[in-house]
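Now for the letters of each chain:
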Amino acid sequence: MNKSLRTVFTGSALLAALAATGFADPVVSRLTPPSLLFSTGVNGAPYISRFLPNQRFDLQATVKPDSGQTITSAVFKVDGVVVPGTVTLIAATVSGLPANTVSPTLRAYSNATPGVHTLTVTATQSDAKTVTATGEFQVIGITQTGRKAKNIIVMIGDGMGIAHRTAARIAYHNVVMGKALAPLEMDDMPATALVKTSSLDNLVTDSSPGAACYSTGNKCNNNQEGVFPDDTTDKFDNPRVEFMGEYLARTTGKSLGIVTTADVFDATPAAFAVHTQDRNAGTGICDQYLDEAVVKGKLTVLLGGGRKWFLPATTSGSARANSTDYVLPAELTAGWGNATGTLDANRDLIADFQTAGFTYAPDKTTLTAQAASATKLLGLFSLSNMNVAYDKINGRRNVIPAGSSQTVVADYGFPDQPLLEEMTAAALTVLKKNANGFVLMVEGASIDKQAHAMDAERWMLDTIEFDKAIGVAKQFAVANPDTLVYVTADHECAGVNIIGPSKLTNSALTTLASTASGLTLRNNVTGGSGFPVYSIDADGYPATMDVDYKMLIGYAAGVDRYEDWLSNPRPIQDSQQPFVGTAPLNTYPADQAHRDTTGNFYITGQIAGTNSAGHTGSDIPLTATGRGSSLFKGVIDNTDVFFLGMQAVLGGVAN
Amino acid sequence: MPTSILPRRAFSVASVLLAALLALAARPLSAKTLGWNADALSVGLAKAGKLPPAPAGVTDIAFSEFYKSPVGPQGLEFTDKVRALAGQRVRLLGFMVRQGIPAPGVMILAPYAMTTSEGDFGLCDDFPPSVVFVPVPKYADIAVPFRRGPLLLTGRLELGPHEEPDGRISHIRLLLDPEPAAAPVQAASATVVATADTPASATR
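As they're listed, the protein sequences go chains R and X.
Here the numbering used here is used: position 307 in the first sequence is 307, and no number is missing along the way.
The numbering used here runs 655 ahead of the 1-based position in the second sequence.
By construction, these hints were calculated from the structure, which means they are not laboratory data.
Where hints are given, some of them may not hold.
[Unchecked claim] Non-contacting residues of chain R with respect to chain X, defined by C-beta distances greater than 12 Å in every case (computed):
{"no.": "1", "residue": "ASN223"}
{"no.": "2", "residue": "ASN387"}
{"no.": "3", "residue": "PRO481"}
[As the list claims (entries may be wrong)] Heads up, incomplete: computed chain X residues facing chain R, CB under 10 Å, no partners named:
{"no.": "4", "residue": "ASP694"}
{"no.": "5", "residue": "GLY699"}
{"no.": "6", "residue": "ASP715"}
{"no.": "7", "residue": "PHE718"}
{"no.": "8", "residue": "SER719"}
{"no.": "9", "residue": "GLU720"}
{"no.": "10", "residue": "GLN754"}
{"no.": "11", "residue": "THR770"}
{"no.": "12", "residue": "THR771"}
{"no.": "13", "residue": "PHE776"}
{"no.": "14", "residue": "SER785"}
{"no.": "15", "residue": "LEU814"}
{"no.": "16", "residue": "GLY815"}
{"no.": "17", "residue": "GLY822"}
{"no.": "18", "residue": "ILE824"}
Built from N, CA and C at the ideal position, the CB exists for glycine as well.
The shape of chain R in the complex, shown without the other chains (with noise of 0.2 Å):
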């Protein structure tokens, strides 16, 4: 960001002689929340940061002063006038920075009146001098027009593009002779737009700023949930913005619901509930669940993978670590009366939870069995990340891999993991016991993850499941019908497209794909016509995706790989490893061996890394339903879409 010199003269030949000699006025390097009128001298739309009336969030600044000069005080005021409450003087802690360089703070600040407000901070330094910056932020206020939404249900597909959309139809529900013979859940929604996905420091963003966008209507750096940066290392006292649930929670009394297939501390998740610049602190925002979530913004519900941060530090699995955890500083829980927290590596999370009125279930059995009575629920179905949908249905029909003697899920030692649709359908259970309502978010999460891996069949899997957790949604917005549900992402992953369907039988691939080399398998896979035919099992999924003719899929963000266009038998499999049959059953690893140069169709990918393909920075499409969906139109940007749904659920719309 380009970095504007603001400074106030105070005045003589004199001193502008000493400047040269280092006796200068202070800089302001920073001011938060962040606006163009700062960083760049331009007035006007579009607006930065913007906020709902009464929504709090932390002013800031970062003051550099003079060598030799320390900044002794700073005013913030708004609109001219001066604003109550304590300014903390923080130290500046990243490197690259003046000594005593400082960030004047005031914690949470909120304004109730709709429209501009212009901020400015003057901060004086230890021989005087003073030096004053200007930015500016918008409150969007509230029309009272009609019924509001009681319930909201944020539904995000995790990099689910319009290509992923496209490709689970296809699988789902074929087309034929050029016609889907049926929607999915997701495309059978009144409202469409499409949503603009760049993050405050990235045109591509991450899933962190990719989801608190939704949660705070505020952009975030990459890798940051529901702050805004700042210059020091702690990971935990960044400026902050009141999430969508912590509002609601505190000015309506709404229950609040996360649920994923992703570790729960994983960034679209947390990035509803808990505030860092260090979506990877994975301790202190599970601890956080607890300790403010819970304590202050009415989470009622959390269900997901990442069991292993709630465990105790001494039992095996546990991934706790004090290099994790959270400390807040004083000023920080003064200004937002939350708890303090400690580093507690030992700490028995899930007990914690229990102890807070939390039914807690370890499996999908005991999920759908406690749903109807619990008050509170928490779910942790796995260590880490919950196996995708693929691996959990064929764990239920009990497909082995070649060589295994028992199911991926079994393999993993988490047999019994629910779909999303049945952790949907539970959550729902529990949240509609609050009569004030609720906001619920449901991820999608290894639609992306898969797709980074670029395994088509796991993410459209992955994407098939999250359809079906949009229907339990659905539903449950027409026996309820005060109740807002969109579907949305918070960015492509992967530059998928749908290249085509293949020239082959499933048979002739498999037999191509064992004997191939070099573009043989690619010249004489690509390029066909017609249409596969993909077919449903009774349980509700495919029956298989390695269909004869079946839909081949492209990479325009991938990374070096090997495609052959079947199903992988395991996850995240290392496609650059076929097996070269050279491998020395050594006692001691050795240096590496050369590429493979044989086998399947090698692809080089479009980014640098071997491991992951990457985000995009199109548009991604958003549909929505029920009460209040009809504000959702047109080519928007993801902070937009905040704001009309609190448009819903605060002040509601005519029809």
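Chain X: place on chain R using the hints.
Same frame as chain R, now just chain X:
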């Protein structure tokens, strides 16, 4: 949900198992027949007489023997066998995980040939619980160079939580035997293994 107009195919568990067994019987040992399961590969190699015998004082162990399965409602529990082997020398066949951002001086051995992408996911992972961390002192300050294919490693078994340089917590570590001074045993075994998998055609 709309009914598909296309015929539904009944899915028989018995036919799937039979097909898998037939496939295994018909084809030679390879990644595609074994789905890259190191435990199964080890058993297959031993049955074919292609696994060198374990040195004296070394016990063979498989990934499936580390933890009780299925996992209970809380954390993992070591099996009696692995508990008894703590501090003893063991031998394990596994695959080196191809990491996006490996930690210096330590590699991860897994029952399957897997990748990770720390840049995208950090500490969020898809590991089976039984992964083993293997410090490699020769590469103490740098990433252990990636080695493809199954690795047969011998060393002392160490159990208990330990924080690795990348913030991961390992619960099982293999402290490798010192590198052998003489040429390793590999030549005959590798040739035999290659023959089992390489078809007669010379174009591969």
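Broken hints, by number:
1, 2, 6 and 9
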